Amino acid sequence: MKQSITLGKVTKFMGLGFLTTLKDLFTGKLEKEDFVKFLRKVVVPLASILLFIGIWHSGAKVLYNREADFKIEKALADQGPEAAEALKACIASGDISCQPNTLPAPSQVWESYKSLLRDHNIISADKAAFKEKTAALNAKRIAEGKEPIVYTGRPSFIDQIVMSLKTVFAGFLLALIIAIPIGILIGLSPTLKSAFNWFIQIFKPVSPVVWYLLVFMIVKTILIDSSDDSSFTISFISVGLCSMWATLVNTAMGVSSVDKDYINVAKVLKLGPFQKVFKVILPSSLPLIFTGLKITLSVAWMVLIAIELLAQSPGLGLFVWEEFQNGANDSNSKIIVAMFVIGIIGFLLDRLMLTIQNAVSFNKNEGL
Amino acid sequence: MAYLELNNIYKSYGQGENTTEVLNNINLTIEEGEFVAIVGFTGSGKTTLVNLINGLLEPTSGEVLFKGEPVNGTSHERGVIFQNYSLLPWLTVGQNIYMAVKEVFPKKSKKELNDLVKEYVEMVGLSHAINKRPKELSGGMRQRVAVARALAMKPEMIIMDEPLGALDALTRGNLQDEILNIWGKDKRTALLITNDVDEGIYMADRIIPLKPGPRATLGPEFKIDIERPRDKTELNDNPNFKETRNAIIEYLMDIGNERKSEAVEVFELPELEPKSFVGRFK
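Quick note, the sequences are listed as chains X and A, same order. Each residue of the first sequence is one higher than the last, beginning at 852 in the numbering used here. Each residue of the second sequence is one higher than the last, beginning at 111 in the numbering used here.
These are computed hints drawn from the structure, not numbers from a lab.
Computed cross-link-like contacts, DSS-like style, restricted to lysine-lysine with a CA-CA straight-line distance of at most 30 Å:
1. A:Lys264 - X:Lys1118
2. X:Lys1127 - A:Lys217
3. X:Lys1127 - A:Lys242
4. A:Lys245 - X:Lys1111
5. A:Lys221 - X:Lys1121
6. X:Lys912 - X:Lys965
7. A:Lys242 - X:Lys1111
8. X:Lys1127 - A:Lys212
9. X:Lys1118 - A:Lys245
10. X:Lys1127 - A:Lys218
11. A:Lys212 - X:Lys1121
12. A:Lys228 - X:Lys1127
13. X:Lys1127 - A:Lys264
14. A:Lys295 - X:Lys1121
15. X:Lys1118 - A:Lys177
16. X:Lys1118 - A:Lys321
17. A:Lys228 - X:Lys1111
18. X:Lys1111 - A:Lys264
19. A:Lys212 - X:Lys1111
20. X:Lys1127 - A:Lys245
21. A:Lys177 - A:Lys297
22. X:Lys1121 - A:Lys245
23. A:Lys228 - X:Lys1121
24. X:Lys997 - X:Lys1017
25. A:Lys228 - X:Lys1118
26. X:Lys912 - X:Lys922
27. X:Lys1121 - A:Lys264
28. X:Lys1118 - A:Lys297
29. X:Lys1121 - A:Lys297
30. X:Lys1127 - A:Lys221
31. A:Lys212 - X:Lys1118
32. X:Lys1111 - A:Lys321
33. A:Lys177 - X:Lys1111
34. X:Lys1121 - A:Lys242
35. X:Lys1118 - A:Lys218
36. X:Lys1127 - A:Lys177
37. A:Lys177 - X:Lys1121
38. X:Lys1118 - A:Lys295
Computed from a predicted model, the values in this text were never measured in an experiment.
Hey, can you work out the whole structure from these sequences and the hints?
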């Protein structure tokens, strides 16, 4: 029997069940008894989003007024009533040169988002033009065995998102390569477990900042001859080392706690040690391994921002830090845009892993 | 020489004060081609006994002899049908059986092995489900896969640990017949562990009750002199059946009561009086 794949199944599998409800709403398939479900799944979340924006808007307004009042009072005390009046008029006119610097309102954040997109379009056009201009020269340089000239302009916001994703996936891959084999070995052998346990317990809670410094010390010396920028290498290694612990611990736990019934099956069938590991122990610990990988990916994404910021490696973390240092009138709203982008990407990564995890997991009682 | 021999088996778990004595003084001989059933209450050590025979466990003292040789680990000669089907949930029905036969017949070609898998899947009537995973099957179907897996390995002796315990009465009856058919076809030796006296009488040549643990031991054996093939509906009217059944149940009831009367423990309650709060909140 072939199972048909419908939108409903796919979205439910990915944990995005509300999409089906939305689709049913527009195609008019919604039954009356589904109305409560519709209310709960669509209307309530939408209402809570609106409420959130409302609170944000009024909160930002309160903060704005407080900051403005303080500024005017300060001007009054320092420079006299004329300056205070001038400042008051300036703030009221909306001139960007004298706006209070505080939490931006939702509308400002939306404007910044659009301006970041415009900025991206300008930079991409610039890049394309540069590529066209240097195409002939680069071809010549490559033919001569020289390095081609690359675009060294400022990266756009989108470029930085892509860079961050690259860093996080490189770090995730590193975590996967280190943690899974070690986890399997530790899970299989109690001797190795007691040999490594202190190591895991001590290094697991170490903060991302310290990991970064440690990696920096080592990589800096290893790459001492290289003239290339090592910030990417340092940041992805730090991300990997920081985030691998969940996978390591979960893999070890999964491997060491395989159901006794499966082990008995392996014994009765007289599977060799290699077969036993690959045909019984690993498949049965896959669900736990993937739970670990899911945690690893979300931790990687979370620490990435801090590490990029420290490593000065291009990406969202550096973007946030530079905007903060920049202090332009729209810096704060750009930081909030970055915050939402980070959150949404984190959510999508989590759903991606959840989907994979659902695909490989099985109920423990299914075969028993 | 007996086919399978258990001599003075004693089995305990743990050490020192935490020792749990499960089996004590177990003596059993099974001849080749015989169908023996062991009946006992849940928790009386049946599974431990089975695991000693199939080689998953070693006795603390005493010996298990299989064809005169001491049992040392599991063997393909003794096929096991587990109480909980123990299928690997990430493999399909076919793959579960294929994995087993591949280990037993490493020299056979892929096609031969696949044919063997198909043959046994068909035997238990699951050809339509060969590519399904255990989670898509009902309990009865899963148990049939487990039966097919054990039998496809062509063991000389089949050891069944309450194989039908979790099934409904109808499926149970069908599977009993299937197992009997296969056993009858090439007269393998079979050991059935069960908690159902009727099942034991219907299937076995001999029934041996297991006195419940701790320190469980085997009771007197009951021979079943009913001609094969046995018919379930006629069995109810068979005087021999009734007699044996009553005798076994009576025996089991007696040892059950014995256990209860042994287990009288007096809990002394401390003398307490409810505290009186009357008049305290005035």
